[in-house]
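K.L.:
Just so you know, the sequences run in chain order P and X.
FYI, in full-length UniProt numbering the residues of the first sequence are 1 to 507.
FYI, in full-length UniProt numbering the residues of the second sequence are 1 to 507.
Some clues are possibly wrong.
The list cannot tell twin chains apart, which means a pair is met if one copy fits it or any two copies do.
[What the hints assert, rightly or not] The calculated lysine-lysine pairs, modelled on DSS-like cross-linking and capped at a C-alpha distance of 27 Å, are:
hint : residue 1 : residue 2
1    : LYS471    : LYS307
2    : LYS58     : LYS331
3    : LYS473    : LYS307
4    : LYS473    : LYS101
For the record, the hints were derived by calculation from the structure and aren't laboratory data.
Remember, predicted model here, so these are calculated numbers, not experimental data.
2 protein chains.
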Amino acid sequence: MTEQRRGRRGRVAASAPQRQVDYRNLRSPFPTMNAISEDRVEALHEAALTILEETGIKVLHDEARTFYEKGGARVSDDMVFIGRDMIEAALATAPRSITVKGGAPHRDITLELGRIVFQPGAGCPHATDLDRGRRPGTLRDFRELVQLTQSFDVLHMVPPLVEAQDVAMNLRHLAMTEIQLTQSDKVPFLYSRGTPQVMDGFEMIRDFRGLTDAEFRAQPWCYTIINTNSPRTIDLPMAQGLIDFARNGQPSIVTPFTLMGAMAPVTVAGAITLSHAEALAAITLTQLVNPGAPVCYGTFTSNVDMKSGAPAFGTPEHFSASLVAGQLARKIGLPWRCAGGSAANIADAQAANESQFALWGCLLAGATITIHSAGWIEGGLSISYEKMITDLEVLQMVAELCAGTPATEGDIALDAIRDVAPMGHFFGAQHTMDRYQTQFYEPLVGDWSNFGTWTERGGIDASTRATGIWKRKLAEFQPPATDSDRLSALEQFVARRTAEGGANPES
Amino acid sequence: MTEQRRGRRGRVAASAPQRQVDYRNLRSPFPTMNAISEDRVEALHEAALTILEETGIKVLHDEARTFYEKGGARVSDDMVFIGRDMIEAALATAPRSITVKGGAPHRDITLELGRIVFQPGAGCPHATDLDRGRRPGTLRDFRELVQLTQSFDVLHMVPPLVEAQDVAMNLRHLAMTEIQLTQSDKVPFLYSRGTPQVMDGFEMIRDFRGLTDAEFRAQPWCYTIINTNSPRTIDLPMAQGLIDFARNGQPSIVTPFTLMGAMAPVTVAGAITLSHAEALAAITLTQLVNPGAPVCYGTFTSNVDMKSGAPAFGTPEHFSASLVAGQLARKIGLPWRCAGGSAANIADAQAANESQFALWGCLLAGATITIHSAGWIEGGLSISYEKMITDLEVLQMVAELCAGTPATEGDIALDAIRDVAPMGHFFGAQHTMDRYQTQFYEPLVGDWSNFGTWTERGGIDASTRATGIWKRKLAEFQPPATDSDRLSALEQFVARRTAEGGANPES
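Bound-form chain P, shown alone:
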């Protein structure tokens, strides 16, 4: 739900009607855009199948290779050659609709083509804000960013917004999972950094949600991101993650990271062909492990600056790659993830424009999940608190569009148009009076005052206003209500596992 409207004196007007728009269950109102023709989509798909059959994927993980081999693949050393029959069988069993459970019914999300799900920026080693500056991410930053994620309905899943670099790697997963469960009731994330860490995560979630083992495995309660190593490699932790999550009925979001000209061909069609091949291989593994296991298709494809090798985002190529990936996602019918984001170094007009341009690529591509949709900057090296807020404004406005445009006779307002004289105005018309309190979206950070008023108030720009907003949100933050026994049990688990030495990441 959107925030309650505040009257002119800042109080919530008790009797004023409340504008209520659902920001949680978003169904895309946008048409999908085709960048290439249907027969070229077929050609890309065929090329990907040919790559898998003839050129193969390097799979470092023994058990994964065994799964592929038992499924009919040809294996030679660590190269796996997957036939199209296996791919088609996997695409036939992979579910088209995945409901991932949160900590409360209204936090459950459904992943399927046609839905829109937003995640803020993720995977950033640094955090930055206008108060404290740029710094390596800490657990405190992660806690705050999870609280901010919790505070906005238009963010639907919790990602690893920032790496808690001040917590040792053997304990970080414990700390970050604990925060996700206690500071948010939204769908939580687990890293795939080896089975021991994943099992810790599963256990924490299972117990905190009050589930039996069977109940946990019967439905999705969390997710992971699987990046293949482009080109054409699935490494140990990624294969282990695909296996562990599939075994336990939890979704992997398969995401080849294919930057054009770097780890992928320099063309959109080439990069997406490679990405598609790798994604199909990863999806197939999940279905070999557990036919019917939930899995999302995905890509993270953009271009680089060919002079410096620096990744670029929010470019025409990023947009086009998203569109082509969307066409392939619709061909195979699976929910899928795409990404927004910016390469800018500060939350300025470049950052805003690149991120929004990338977002529209995802929306018109029909992406189910748009990751990095708020806050992501420096090509993912930092997450900006201020940009999270200014990006959220755009996401909220997209959610408003999802609510649709009514055009009843009452909306057409023929009577009002008749009643207001030429060159009159509608401010006082009954039609207006009946509606004005709830008619329009009220901005989160946008300031519509005139130049004089704005100057008198200090001439404050959007990012600076955003600082005030995230601070206020954190100051007012109330964690979701939690069963105190489960809270204690969680704390005790973390303490015990910490004393035991946690679990080192595996690679």
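Put chain X on the given structure of chain P with help from the hints.
P.N.:
Then chain X, alone, in the frame of chain P:
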């Protein structure tokens, strides 16, 4: 054309292949988005016809009322009641495709559904930049802004970017038209501020383009913007403009300015119904004056802040209104204009986000001309030089999307994918080497350097970099080649008319 690529040392690499993307002739690659169902589109159209028939339009202009009456309308005092037969007849004669001539063949533009034409911000009383601050617009500002408009292929028409407030009203049209003709070869604009000013403008354009009267009238060589006075009024200069331009075969871009809750109903459907009715009335007048006269449909519909009355742009309501207008434009089949823009007071993330959000509304609405697409700020009270540059980046990226995504076998790059080993890279692949110099869009103002490099270079944000860009563009500016006789003739015309006292605006 895009700018020539510069090699690492800043020189144009003489032998390097040049990236060439046509930014001039843009055909929309975007699907159109329907906000309401077809039968509700019909309902809005019907309601507009009913308003025109039964409630009427106030027409202050005697000759205009005569045209309507002779065409079959019922006239009572200054109220005109237009029957649907007249509207349908007008829509049947209004051309679906309008070619407006510039000063050179490559500057001609075609206005029809499916094309994309961009204009920068217009109608602003102030100009602002980070160097000189905010000030009432001057002729110097107008000259600079026209030069900037000329400097970017992705801006297709010249609008009245800023009012030259330091030139008296009886001479301003002469000065601003002279600048448009000498500093640019793009399609010029004339104000509709009374017949004498319009005739001055026609004469200047006719003679500068080297045309006879008949040649001038036979094709469009300029355009005007006609704002009806909502609700339900066409005032004197606007009616005179419709008549003068239609008589002379020059297009009016009909643009009701209908802010929801102010001069229009508070609902999207109501505001667009009113806008549609007024636009139909204005279009009908042009066809009564001269059946087949070029005319564009249009609207400028957004919402206001109901607490302050301040106009808002780049809102969900602005976006939705654009979509509905687009559905009506497609119903009647005419090229049409829509608008972008922002209510922000400074070129910050709000300004960027609002403008880009509004732009996407126009693109998905299938707008032919998107006005205010670069630089427009403070809800139109100022044009920002810096924002013009940062907005241009987005327009250029949209133009890149118009060029399409190739997916040939060469683009799919199967051989390259085969040749690069797992976990290798494509930087040195022949496929990459053959393409990298021209493969990607190079940003105008976007900076992709990493945080360290960016900090070393001064930590400069996008708007500050934009200052450097517009300054460089102005310093390097070369006006289009002009016939020196025509230049002298133009100067003499302006001098003579000035000595004669110019022409006062009429209202």
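K.L.:
Need the list of violated hint numbers for this structure, in ascending order.
P.N.:
Violated hints: none at all, because every hint is consistent with the structure.
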